[in-house]
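With chain U held as given, fit chain G onto it using these hints.
Each chain is listed here by its residues.
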Amino acid sequence: MGMSLIVKKITQLVIGLIFLFGINIILFGHLSVGGGFAGGVILTCGFILIMLAFGKDKAFSKMKIRVSHFLSCGGAITFLTIALLGYIGGAFFLNFPDHGKAFHLHSAGFIPYADIAISILIVSSIFIIFVVLVLWGGLTKNSGKDADDEEYIHNL
Amino acid sequence: MLTFYLLLGIMILGSIVAIETRNLLSSVISVGIVGFTLSILFLMLGAPDLAITQVVVEILVLVILIRATISVDNTDIEATRDNFAVVSSLIFLGLFLVFASFAFLEMHPFGKSLMRTSQHYLDNGLAETGASNIVTATVPMIHWVKQQCFSYPC
Numbered sequence: 001m002g003m004s005l006i007v008k009k010i011t012q013l014v015i016g017l018i019f020l021f022g023i024n025i026i027l028f029g030h031l032s033v034g035g036g037f038a039g040g041v042i043l044t045c046g047f048i049l050i051m052l053a054f055g056k057d058k059a060f061s062k063m064k065i066r067v068s069h070f071l072s073c074g075g076a077i078t079f080l081t082i083a084l085l086g087y088i089g090g091a092f093f094l095n096f097p098d099h100g101k102a103f104h105l106h107s108a109g110f111i112p113y114a115d116i117a118i119s120i121l122i123v124s125s126i127f128i129i130f131v132v133l134v135l136w137g138g139l140t141k142n143s144g145k146d147a148d149d150e151e152y153i154h155n156l
Numbered sequence: 157m158l159t160f161y162l163l164l165g166i167m168i169l170g171s172i173v174a175i176e177t178r179n180l181l182s183s184v185i186s187v188g189i190v191g192f193t194l195s196i197l198f199l200m201l202g203a204p205d206l207a208i209t210q211v212v213v214e215i216l217v218l219v220i221l222i223r224a225t226i227s228v229d230n231t232d233i234e235a236t237r238d239n240f241a242v243v244s245s246l247i248f249l250g251l252f253l254v255f256a257s258f259a260f261l262e263m264h265p266f267g268k269s270l271m272r273t274s275q276h277y278l279d280n281g282l283a284e285t286g287a288s289n290i291v292t293a294t295v296p297m298i299h300w301v302k303q304q305c306f307s308y309p310c
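Here the protein sequences come in this chain order: U and G.
Numbering follows my numbering, with no gaps: position 149 of the first sequence is 149.
Numbering follows my numbering, with no gaps: position 58 of the second sequence is 214.
In isolation and in its complexed conformation, chain U is listed as follows (with noise of 0.2 Å):
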């Protein structure tokens, strides 16, 4: 299932290139445009159109749910570490690491290392958002209840 085979193809064209996009807007986050929030929208699109063009089969295979529920709480966390970490400098959240050379890559303190983490939130995050709100009808009372679909949600 899935889209026809003209959409396939261009898909594996050019799926690619949008995830090399997305990784040079999160790691160039402190120097031009961007940073976290953007890239990593920008990655859950390319995960959206492997699962509109191939099927669900195919996207729940690149990135499973359980993956998923293990990367939010993770960014999540590596995150508020990063933020306790500024206790070494002397207060939360304080901008302790070398501030480094002006507009080079390396510079700018903790910025890159909390622009990948809040990414790796974000994409897992809006996929589930996804997957929920379109797959599987929303968070209602009834929905979800059925047999093969609560078979199917604990075998993935």
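Note that these hints are calculated values from the structure, not bench results.
No experiment lies behind these values; they were computed from the predicted model shown.
Using N, Cα and C, we set each Cβ at its ideal position, and we do this for glycine too.
Treat the hints with caution; some may be incorrect.
Covered stretches of chain U, going by a simulated chain G footprint (3 or more residues, C-beta under 8 Å) [claimed, not checked]:
| # | region |
| --- | --- |
| 1 | 24-31 |
| 2 | 39-51 |
| 3 | 103-115 |
| 4 | 125-136 |
Chain G alone, transformed into the frame defined by chain U:
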């Protein structure tokens, strides 16, 4: 300035089409047109960060909304009119317009704003954090701002 008002007119037209059309899919696409025109306006006003984020989040919201509308059987909007709600909302909108016009007459002209607090961020952002993207560097600068505000009348 002319293209600015032209794009604003396109946004107003798109919003009116989104409300008044009968087909549900057409109104979702009109909401998408309003969002994309807003991102072009952000570029013209000099905010590339906001333009990139607006485009990507708009695409995400459009995919979810279109998936939600094409799985519904009935794509026609049936109109029922609630008279009391329409009349009361018109009265409150009129009052809001009257008081907002008093506030608008006292604002600074467009393009020359009064940036007293944010001027501190712009002047010292690069020296304080080492990052050239002030949008990303605003949160780690919070300690510096606390120090300054205790010693300088902000």
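Hint check:
1. 24-31: Check passed, 4 qualifying residues.
2. 39-51: holds (count 5)
3. 103-115: holds (count 7)
4. 125-136: Since three or more residues must qualify, the claim that chain G covers the region 125-136 of chain U holds, with 4 doing so at under 8 Å.
Violation of the numbered hints given earlier is absent; every hint is satisfied by the structure.
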